[in-house]
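Go ahead and model the full structure; you've got the sequences and the hints to work with.
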Amino acid sequence: MIALRPPAGHREADPDGAAPWHDAGVSRLAGRFGVAAVVAVTLLTALSGCRDAFTGLRLSIATGGTQGVYYVLGNTLADAWTGQLGIPRPTVLSTAASVDNVDRLRAGTADVGFSAADVASAAAAGGPRPGQHAIRALARIYDDYVQLVVRADVPARRLADLRGLRVSIGLPNSGVQVIAQRLLTAAGLSEKNDLQAQQLGIDESLNALRDGRIDAFFWSGGLPTGGVTELAKSVPLRMLDLSDVVPTLRQRYPDYSSATVPASAYGLPNAGPVTTLVVHNYLLVTDAMPDDVAEALVRGVFDAQPALVKANVAARSIDVRAAIETAPVPLHPGALRYYRAVKV
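FYI, in numbering that gives the first Met the number 0 the residues of the sequence shown are 0 to 343.
Keep in mind that the hints were calculated from the coordinates and are not lab data. Wrong hints could be hidden among the right ones.
To be verified - Label-pair distances were calculated between CB atoms; the ranges are:
# : residue 1 : residue 2 : range
1 : Pro289    : Val343    : 19 to 25 Å
2 : Gly163    : Gly126    : 36 to 42 Å
3 : Gly55     : Pro272    : 47 to 53 Å
4 : Asp160    : Val319    : 39 to 45 Å
These numbers come from a predicted model, not from an experiment. By construction, the Cβ of each residue, glycine as well, lies at the ideal position given by its N, Cα and C atoms.
What follows is the structure, given as structure tokens:
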């Protein structure tokens with residue numbers, strides 16, 4: 000979907016290396032106002048040239064449900080890249096999240112996508128099918144916390160207690176569903192035989208729990224997830240501790256780490272810290288993206304971090320040194336160029 004054309008009137012640098020605007024006018028400017036004026040003009044022209052280089056660029060960003068962190072950060076990045084690159088605002092797609100996003104990237108129906116590391120790693124290991132693009136990473140960004148949310152009046156205290164209950168396990172082709180199915184297997188539960196399983200996204204899960212149509216839902220997202228915060232204001236909630244299955248999952252799937260959801264995450268009454276799984280999130284593109292575009296997008300992520308943090312505090316964990324840790328998903332060459340330039 001990437002459309003890129005040279006800007007109208009664009010001229011390459013002269014063969015001797017001088018930029019096309021570097022003429023006697025600049026020398027006269029230096030004579031009248033000094034070297035500082037020349038430096039200012041140089042910087043302004045460089046910035047303008049950077050923006051002009053992306054004239055004609057059209058992007059789409061595959062995110063997730065509208066109440067999730069992917070969608071919030073995707074919109075913030077769309078605003079940031081619009082201003083930084085001087086391009087039309089990228090289209091932000093609400094999707095089923097990780098698996099769906101990877102499929103869209105491979106098919107060429109999205110240019111940038113968010114994905115959990117476990118899904119991205121599986122995609123990289125499997126490789127693209129004929130005619131598809133290969134997945135590449137721009138950066139490791141923030142971490143997702145697996146959250147098993149139940150109504151406070153539900154007697155379940157651990158994962159195995161979900162037997163017989165109405166539980167949302169996430170949308171088909173979502174990273175949430177991948178994790179939910181793995182957790183249920185580790186607990187000796189079958190989604191078909193032991194649960195009244197429903198395949199709902201985060202938006203539908205929040206509404207269904209509020210309305211009493213489900214008892215619990217799985218979610219994997221940043222802390223806090225805005226939709227859960229809002230739901231907790233009107234519906235008494237609890238989060239289930241996963242400590243009895245975390246070691247099994249970590250042994251089987253090295254993409255997962257153990258972590259604690261602090262009691263302060265959602266301010267739930269009588270809540271204590273909860274043991275859960277953490278999975279990294281990646282910002283993905285494909286090998287079809289030009290190197291200069293990928294480099295500019297990565298630079299834009301770090302330049303926009305204050306805005307990202309304002310949108311959701313999960314973005315505080317975005318770190319340029321950790322960003323390169325995307326194995327086994329290869330970094331895009333343009334992203335590598337950025338990290339080398341900042342000496343990571």
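Hint check:
Distance hint check: the CB atoms of Pro289 and Val343 are about 21 Å apart, consistent with the given range 19 to 25 Å. Taken as a hint, the range 36 to 42 Å holds for the pair Gly163 and Gly126, whose Cβ atoms sit roughly 40 Å apart. Between Gly55 and Pro272 the Cβ separation comes to about 50 Å, which falls inside the hinted range of 47 to 53 Å. About 42 Å separates the C-beta atoms of Asp160 and Val319, a value consistent with the hinted range of 39 to 45 Å.
In this structure, every one of the numbered hints holds.
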